[in-house]
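Going down the list, the sequences are from chains A and B.
According to numbering that gives the first Met the number 0, the first sequence holds residues 0 to 230 in order.
According to numbering that gives the first Met the number 0, the second sequence holds residues 0 to 333 in order.
Rather than coming from a laboratory, the hints here were simulated on the basis of the structure.
Idealized CB from N, CA, C, for every residue including glycine.
Hints are not guaranteed to be accurate.
As the list claims (entries may be wrong) - Think about it this way: if two alpha-carbon atoms lie no more than 27 Å apart in a straight line, the pair counts; the simulated DSSO-like pairs of lysine-lysine are:
| hint | chain 1 | residue 1 | chain 2 | residue 2 |
| --- | --- | --- | --- | --- |
| 1 | A | K162 | B | K279 |
| 2 | B | K136 | A | K141 |
| 3 | A | K57 | A | K194 |
| 4 | A | K155 | B | K63 |
| 5 | B | K252 | B | K63 |
To be verified - Examples of chain A residues lying across from chain B (beta carbon under 8 Å, computed):
| hint | residue |
| --- | --- |
| 6 | F11 |
| 7 | V15 |
| 8 | A19 |
| 9 | V198 |
What the hints assert, rightly or not - Computed beta-carbon distance windows for the label pairs:
| hint | chain 1 | residue 1 | chain 2 | residue 2 | range |
| --- | --- | --- | --- | --- | --- |
| 10 | B | F270 | A | N215 | 38 to 48 Å |
| 11 | B | R34 | A | A163 | 21 to 31 Å |
| 12 | A | G191 | B | H130 | 48 to 58 Å |
| 13 | B | K136 | A | N72 | 53 to 63 Å |
| 14 | B | P39 | A | N215 | 36 to 46 Å |
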Amino acid sequence: MPQLEASSTIDFHSEVYKDAYSRINAIVIEGELEANGNYKQLAESLPDDQAELIKLAKMELRHMKGFQACGKNLNVSPDMEFAQKFFSELHNNFQAAWQDGRIITCLLIQSLIIETFAIAAYNIYIPVADDFARKITEGVVKDEYQHLNYGEQWLKANFESAKAELEVANRQNLPLVWKMLNQVATDAEVLGMEKDALVEDFMITYGEALANIGFNNREVMRLSAQGLAVV
Amino acid sequence: MSFHAPDSQVFSNQSRMFGLIGHLTSLEHAQSVARDLGYPEYADQGLDFWCSAPPQIVDTIRVKSATGQVIEGRYVESCFLPEMLAARRIKAATRKIINAMAHAQKHGVDITALGGFSSIIFENFNLNQIHQVRNIKLDFHRFTTGNTHTAYIICRQVEQASRKLGIELSRATVAVCGATGDIGSAVCQWLNARTDIQDLLLIARNQERIQQLQDRLGRGKAMTLEEALPQADIVVWVASMPKGVEIEAAALKQPCLMVDGGYPKNLATRFNHPAVHVLKGGIVEHSLDIDWRIMNIVNMDVPARQLFACFAESMLLEFEKWYTNFSWDETRLR
Chain A
0 MPQLEASSTI
10 DFHSEVYKDA
20 YSRINAIVIE
30 GELEANGNYK
40 QLAESLPDDQ
50 AELIKLAKME
60 LRHMKGFQAC
70 GKNLNVSPDM
80 EFAQKFFSEL
90 HNNFQAAWQD
100 GRIITCLLIQ
110 SLIIETFAIA
120 AYNIYIPVAD
130 DFARKITEGV
140 VKDEYQHLNY
150 GEQWLKANFE
160 SAKAELEVAN
170 RQNLPLVWKM
180 LNQVATDAEV
190 LGMEKDALVE
200 DFMITYGEAL
210 ANIGFNNREV
220 MRLSAQGLAV
230 V
Chain B
0 MSFHAPDSQV
10 FSNQSRMFGL
20 IGHLTSLEHA
30 QSVARDLGYP
40 EYADQGLDFW
50 CSAPPQIVDT
60 IRVKSATGQV
70 IEGRYVESCF
80 LPEMLAARRI
90 KAATRKIINA
100 MAHAQKHGVD
110 ITALGGFSSI
120 IFENFNLNQI
130 HQVRNIKLDF
140 HRFTTGNTHT
150 AYIICRQVEQ
160 ASRKLGIELS
170 RATVAVCGAT
180 GDIGSAVCQW
190 LNARTDIQDL
200 LLIARNQERI
210 QQLQDRLGRG
220 KAMTLEEALP
230 QADIVVWVAS
240 MPKGVEIEAA
250 ALKQPCLMVD
260 GGYPKNLATR
270 FNHPAVHVLK
280 GGIVEHSLDI
290 DWRIMNIVNM
300 DVPARQLFAC
310 FAESMLLEFE
320 KWYTNFSWDE
330 TRLR
């Protein structure tokens, strides 16, 4: 039986680490900011849930500030330009859907894809984070499960009417997540986060969310596999 | 008015469940199973994909006992493949097992057996250090290695098959290959305490652990495989080895009974000799058909009734309503 190699210790202050962190940290900050904007827009479209959605939007802003502090703590300036470009396709798809009133697509992008992406990244980051960032990220990830739950509950309640649009939106957006994961794989590796583990965590949480909404096992597997399509 | 509920109703009233965590035997096998089950997207993927594939519940199992009691279970495919160990993707391998356990627990499974490599990986890489998996706190009381039942079945196979072959245990030398492992040491203890075998040969790599086992048993001769085989009337194979060994029939006593309970199988040779008898070890057969598909996939001779004894352990615990990690740290065979 082969042995597990001892993991090498991470130098959080090395130039290599800080360089990679400038992009990963920016993505996280931008992700939280996008989420804040998305929930505010959703609040306009779903007046019954307005209070809840505004609450979620505020939490995302708090998370953003927490992650800004993580960057400052390591003396890293986040590369926000990179991060905006990184999210641009998902951002554009959300905006186009919102303009057309395709709320189900908006919920899939924000409440399922972005939340799951965040949960996976935070779960994999926590064991390799510096002490300061670990505490902040642990707090954030607990909140993110709540946000995922909001989207799940809404889509579950409207499953029959939402199903067809969810499938289309999944096919359109899930491959973007794979592309995004590939784009940051090298930087994530420098932070001690393996791409395998990120993809796996994403697939587990995303699959669970789809199952909670009402898709059966076979549908979940088929929908998840659509991420593998090359974009 | 009748109080006799139809089967399905009896069933849905039962909230308790057993679980089995299994995996496929190779990448090629995984690809062909994915194709057979109707997932062509997965069938074309290589090892990288399987390293990041999530666990899946792929079968719902119903078992009826001879007395009519019905239990329900879930089969969790961990997506682990032995190639992960060969390619040193150890972290991926350990994640598969932990994630499959979290998946079983999340789906409300009360007692789950770790089949095939799952328990070997769990124990070898000390996965008991991991308590938190995402938003799940693993409850190890819900899991069993199934090693107690596997060891018990192997011992019974030795007793019954030797009788059939005319090998008298009181005059027999039994060699245990993999003697210091969890299953191997349990087999040695059973044979020592409950049978009158004449001699016990212990084959294992770690001399210190052999010494500890000898101290516990108060007997047993440490030997290499080459030394032991020509002397053994019965060989029990329970070693964990990456690939099976090739053996010449001429190097064996005749008759010779071999019980291969290793995972993967310890014997690479198929003997075509009238005096060499090889039994698949640690496999049990239920008295009624079991409603499941999965044993077709793992190529059992009688897929509707045969299963690995480790899986049977979780079913037995479910039938008995013993929700406890029965075989944990070590087997309960005494």
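Structure-based check of all given hints:
This hinted pair does not check out: K162 (chain A) and K279 (chain B) have alpha carbons roughly 48 Å apart, beyond 27 Å. As the CA atoms of K136 (chain B) and K141 (chain A) are separated by approximately 14 Å, the hinted pair is consistent with the 27 Å bound. A hinted pair counts as satisfied when its Cα atoms are at most 27 Å apart, and K57 (chain A) with K194 (chain A) does not qualify at roughly 30 Å. A distance of roughly 35 Å separates the Cα atoms of K155 (chain A) and K63 (chain B); the hinted pair therefore is violated under the 27 Å criterion.
Between K252 (chain B) and K63 (chain B) the CA atoms are separated by roughly 42 Å; this puts the pair beyond 27 Å, and the hint is violated. Residue-level restraint check for F11 (chain A) is violated (minimum Cβ-Cβ distance to chain B is 21 Å; threshold 8 Å). Interface hint at V15 (chain A): violated, since its Cβ lies 21 Å from the closest Cβ of chain B, which is beyond the 8 Å cut-off. Because the closest C-beta pair between A19 (chain A) and chain B is about 20 Å apart, greater than 8 Å, the hint is violated.
Because the beta carbon of V198 (chain A) sits about 4 Å from the nearest beta carbon in chain B, less than 8 Å, this interface hint is met. At about 46 Å, the beta-carbon gap between F270 (chain B) and N215 (chain A) stays in the expected band of 38 to 48 Å. Between R34 (chain B) and A163 (chain A) the Cβ separation comes to about 27 Å, which falls inside the hinted range of 21 to 31 Å. Distance hint for G191 (chain A) and H130 (chain B): a CB-CB separation of about 20 Å, inconsistent with the stated range 48 to 58 Å.
The hinted range of 53 to 63 Å is not satisfied by K136 (chain B) and N72 (chain A), whose Cβ atoms lie roughly 29 Å apart. Restraint check, P39 (chain B) to N215 (chain A): a C-beta distance of roughly 18 Å breaks the suggested window 36 to 46 Å.
Of the numbered hints given earlier, the model fails hints 1, 3, 4, 5, 6, 7, 8, 12, 13 and 14; all others are met.
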